[in-house]
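Trainee: Work out the full structure: start from the sequences and follow the hints.
Here are the chains, one letter per residue:
Number of protein chains: 2
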Amino acid sequence: SARRRGSTGRPWGGEYKHPGGLKGKVLTLDSMNPNVKRVEYAVRGPIVQRAVQIEKELKEGAKKPFTEVIKANIGDAHAMGQKPITFFRQVLALCSYPALLEDSKFPEDAKQRARRILEACGGHSIGAYSASQGIECIRQDVARYIEKRDGGIPSNPDNIYLSTGASDAIVTILKLLVCGEGRDRTGVMISIPQYPLYSAALADLGAVQINYYLDEDNCWSLNITELRRALSAAREHCNPRVLCIINPGNPTGQVQSRQCIEDVIRFAKEEHLFLMADEVYQDNVYAEGCQFHSFKKVLFEMGPEYSNTVEMASFHSTSKCYMGECGFRGGYMEVINLDPEVKAQLIKLVSVRLCPPVPGQALLDLVVNPPQPDEPSYATFMKERTAVLSALAEKARLTEQIFNTVPGITCNPVQGAMYTFPRITLPQKAIDKAKLGLVPDMFYCMRLLDEEGICLVPGSGFGQREGTYHFRMTILPPTEKLKVVLQKIREFQLRFTQEFS
Amino acid sequence: SARRRGSTGRPWGGEYKHPGGLKGKVLTLDSMNPNVKRVEYAVRGPIVQRAVQIEKELKEGAKKPFTEVIKANIGDAHAMGQKPITFFRQVLALCSYPALLEDSKFPEDAKQRARRILEACGGHSIGAYSASQGIECIRQDVARYIEKRDGGIPSNPDNIYLSTGASDAIVTILKLLVCGEGRDRTGVMISIPQYPLYSAALADLGAVQINYYLDEDNCWSLNITELRRALSAAREHCNPRVLCIINPGNPTGQVQSRQCIEDVIRFAKEEHLFLMADEVYQDNVYAEGCQFHSFKKVLFEMGPEYSNTVEMASFHSTSKCYMGECGFRGGYMEVINLDPEVKAQLIKLVSVRLCPPVPGQALLDLVVNPPQPDEPSYATFMKERTAVLSALAEKARLTEQIFNTVPGITCNPVQGAMYTFPRITLPQKAIDKAKLGLVPDMFYCMRLLDEEGICLVPGSGFGQREGTYHFRMTILPPTEKLKVVLQKIREFQLRFTQEFS
Chain A
1 SARRRGSTGR
11 PWGGEYKHPG
21 GLKGKVLTLD
31 SMNPNVKRVE
41 YAVRGPIVQR
51 AVQIEKELKE
61 GAKKPFTEVI
71 KANIGDAHAM
81 GQKPITFFRQ
91 VLALCSYPAL
101 LEDSKFPEDA
111 KQRARRILEA
121 CGGHSIGAYS
131 ASQGIECIRQ
141 DVARYIEKRD
151 GGIPSNPDNI
161 YLSTGASDAI
171 VTILKLLVCG
181 EGRDRTGVMI
191 SIPQYPLYSA
201 ALADLGAVQI
211 NYYLDEDNCW
221 SLNITELRRA
231 LSAAREHCNP
241 RVLCIINPGN
251 PTGQVQSRQC
261 IEDVIRFAKE
271 EHLFLMADEV
281 YQDNVYAEGC
291 QFHSFKKVLF
301 EMGPEYSNTV
311 EMASFHSTSK
321 CYMGECGFRG
331 GYMEVINLDP
341 EVKAQLIKLV
351 SVRLCPPVPG
361 QALLDLVVNP
371 PQPDEPSYAT
381 FMKERTAVLS
391 ALAEKARLTE
401 QIFNTVPGIT
411 CNPVQGAMYT
421 FPRITLPQKA
431 IDKAKLGLVP
441 DMFYCMRLLD
451 EEGICLVPGS
461 GFGQREGTYH
471 FRMTILPPTE
481 KLKVVLQKIR
491 EFQLRFTQEF
501 S
Chain B
1 SARRRGSTGR
11 PWGGEYKHPG
21 GLKGKVLTLD
31 SMNPNVKRVE
41 YAVRGPIVQR
51 AVQIEKELKE
61 GAKKPFTEVI
71 KANIGDAHAM
81 GQKPITFFRQ
91 VLALCSYPAL
101 LEDSKFPEDA
111 KQRARRILEA
121 CGGHSIGAYS
131 ASQGIECIRQ
141 DVARYIEKRD
151 GGIPSNPDNI
161 YLSTGASDAI
171 VTILKLLVCG
181 EGRDRTGVMI
191 SIPQYPLYSA
201 ALADLGAVQI
211 NYYLDEDNCW
221 SLNITELRRA
231 LSAAREHCNP
241 RVLCIINPGN
251 PTGQVQSRQC
261 IEDVIRFAKE
271 EHLFLMADEV
281 YQDNVYAEGC
291 QFHSFKKVLF
301 EMGPEYSNTV
311 EMASFHSTSK
321 CYMGECGFRG
331 GYMEVINLDP
341 EVKAQLIKLV
351 SVRLCPPVPG
361 QALLDLVVNP
371 PQPDEPSYAT
381 FMKERTAVLS
391 ALAEKARLTE
401 QIFNTVPGIT
411 CNPVQGAMYT
421 FPRITLPQKA
431 IDKAKLGLVP
441 DMFYCMRLLD
451 EEGICLVPGS
461 GFGQREGTYH
471 FRMTILPPTE
481 KLKVVLQKIR
491 EFQLRFTQEF
501 S
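Residue numbers (the UniProt record's numbering), protein chains in the order written: chain A, 1 to 501; chain B, 1 to 501.
FYI, nobody ran anything at the bench for these hints, they're computed from the structure.
Take these hints with a grain of salt, some might be off.
Which copy is meant is left open, so a pair is good if it fits within one copy or across any two.
Pairs of lysine-lysine residues, derived as BS3-like cross-links and limited to a Cα-Cα distance of at most 30 Å, are as follows [to be verified]:
#, residue 1, residue 2
1, Lys105, Lys343
2, Lys148, Lys433
3, Lys56, Lys343
4, Lys483, Lys59
5, Lys37, Lys23
6, Lys348, Lys37
7, Lys435, Lys37
8, Lys175, Lys59
9, Lys348, Lys435
10, Lys56, Lys111
11, Lys175, Lys37
12, Lys343, Lys23
13, Lys297, Lys488
14, Lys343, Lys175
15, Lys59, Lys111
Mentor: Below you can see the structure in the form of structure tokens.
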């Protein structure tokens, strides 16, 4: 350790000297917050840094076996060529520069939305701070959207909190929940594979991560027996209080059945767990027979015994679905049965950061309040929305189909979300070689990046059963490019297997 | 306590029942994160909630001694009627809806900026995620801006981190720095009065807050003897590692002299402290003889003994100065002498939240790269910028002048920033009456709100010397309205003093 006590009896008290006679730095790897050191986030980890490096080399004229890096590591639709929804961007332009409200080129419904948003802003400017919980009329629109989505089950705008993307709201709720020391420390149940925001936030907060494994042999479905196993083991060493669900699944692309959601809610009630439902892919459902059921709706349909007691937060975002507007960092959460005193604490906590970005709030308002059939922008809006969602559905089918023809790759159907998480069989020699420096699927993905210019995230970044290997790939590249990607992965997999056989 | 252990030996193990036979909630005031409970943020605290309540009552037709609530509690320029800079909003509209690039009504320089920003975005869309540290060409522009501001002292874009407002970056740096337990817990020195983001972040992180008092009798100047006193007392019970400075000052409006900044830097080096320089009001300097000196510039002018060793982070934002674009949540920090391993940890940490809002990044790019003399938007830009800053300078003078004519109010010059923090003399009877339910200056401000419709923040929300009372008021209302506000406060102060004499 670089720490030593000086004559004041205090560490770093101005007395410590490096061997060379110079003071060391105040902030070093040894002296920094150890929770931050434990944070990992594979979606933007070493493989992506390598990809950025390769892109720079290509730009500077380096010769590679490929001419561009295809980044299928992150659900970033616009970066993959998806076009923004025209209506959304028209309203955002009007909100940014209200002089355009006089411009006859903009449709009336876009102007009407912009006027309504501006009227709700301080000084009629999206440059003013909003209420910390979010602009009130937008929270009302969100509540109406949820009611419509859930067949009329009421939603209260006071339970809606706008956020800086869904990540912000997820971390905020976890922050309220995590406390205690030692065996009393809060445990949080997350699926494995998981989206690494969860493990990162838990490391940062010093919470105990409780893994429950999804069933790969059954389309990554969630199994209550496994939840019970994980919970009961965790109770030996921590205080489990939270159950996190991602539906549709990230990175695994499964869509939960209504029955399964009921079982989860029953389990949460019996075991006295706070439910966090990450539902940011709610419009991304492709497989026949699959349908999105919100946890809120199922909870309320199970009757007052459940709807009056189970504490829950559900998260949504402008970044996914057909919008793909990641850069705006828009999102919301709805809380159910949250203790009123805790709500006051939540409002206080979010007020410290003043407010979520107002352009993102405006965008969210359009997502929950899109053009209606009698409005001029409706036809274009529906055409654009449908085009994105049908292309995604086609790419989901294509991905499963092609991967399952490749020896050594097995792939569940991409029922929803925007990812596939296929299992790869690695030759023992490759595993042995990899283990000298890297986890085996990181070795595989690094080789794929270097040889084919395709950037994926190794399964180890999301968690997987010991001895199994996967990668996560987005299905976002345009269809023709996706076909090339799939073909290149196929060839790489064959070559890789041969090399290490 | 509501906690009890069930037969599993674990608290909340599903065994606990409320007296009525029902399980308690998972998340209650008793079972939540105690650090969050300790968080306070007066700028949006109870007085603002009351103000919002009164506004609703007025809207619903309630009769009050006033017709509107004037919110002078928060530095929210646009909400107070300040108009956005035309050029900024034109570029933002172009970035939001690039079809406008074909529109001849937009000036060429605005189009050129928009094209450059869009080219740096994934898929040429501000809806794509950016690099977690921020868009590279914007970081380059920030570095050039800093170099120009600091007379050519080099700035490295790798040391620039874009952020979600300055608050985000401040909390991130504090999160890296805070660790240890008991007497080893990190202590952070903050000025009193302070901007309550700091105390809130420290409570949230469980750090030790070390107060150093600004010298009210000398224009709220910072005194090294007082820093020494505070540090030495703190070393008895924690591990002081960080010194935070706000210059120009919030809530106190002082502008630090170059000499004082040198002294602070020397102190930080001697005492082995990490310096955090909150410089978000760097364009807001009004008083004659005052000038903004960046900590970075002074550090480098002190020679390599300092510039190669003192670790520092400086923060800036799009929310203040002449822009006042709070809603976009744009900002950056520059780090100096940060350990390279810690930098890698910092990049990892910010990557978990993916990226700062891209519209805010775009706006920041315009702030650091505004129209140049040979460009078509220059004249309008300069006119608008100058109008805002001269009006603020006039309002700063006006505020000091009028307040100092009121018996029982004494007010330092508003040298910079956008606040005044006058001292109020409260009659003992008022103090006694207040103490039955509220801290005395909260009592004063609540009465002012109820009687005059003016929303200020009590000094207790920022910290003040025991037995002194203050409030913070922004100087942002338009000049004519500000005069009314000052007049109303004057009348209230006289009435209040009379009532309790």
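Trainee: Now, for every hint given, state plainly whether the structure supports it.
Mentor: Cross-check of the supplied hints:
1. Lys105 - Lys343: Answer is neither; intra-copy 44 Å and inter-copy 48 Å both fail.
2. Lys148 - Lys433: Neither: 55 Å inside a copy, 52 Å across copies.
3. Lys56 - Lys343: Between copies, since 21 Å is at most 30 Å while 47 Å is not.
4. Lys483 - Lys59: Only inside one copy: Lys483 and Lys59 sit 25 Å apart there, 59 Å across copies, limit 30 Å.
5. Lys37 - Lys23: within (23 Å within a copy, 38 Å between copies)
6. Lys348 - Lys37: both (28 Å within a copy, 9 Å between copies)
7. Lys435 - Lys37: Classified as within; 22 Å inside a copy, 46 Å across copies.
8. Lys175 - Lys59: Result: close neither inside a copy nor across copies, 42 Å intra and 36 Å inter.
9. Lys348 - Lys435: Answer is between; shortest inter-copy Cα gap is 23 Å, intra-copy 48 Å.
10. Lys56 - Lys111: between (42 Å within a copy, 27 Å between copies)
11. Lys175 - Lys37: Cα proximity of Lys175 and Lys37: in one copy and across copies (18 Å, 11 Å).
12. Lys343 - Lys23: between (46 Å within a copy, 19 Å between copies)
13. Lys297 - Lys488: Answer is neither: 42 Å inside a copy and 52 Å across each miss the 30 Å cutoff.
14. Lys343 - Lys175: both (13 Å within a copy, 25 Å between copies)
15. Lys59 - Lys111: between (42 Å within a copy, 25 Å between copies)
Consistency note: the structure conflicts with the earlier hints numbered 1, 2, 8, 13.
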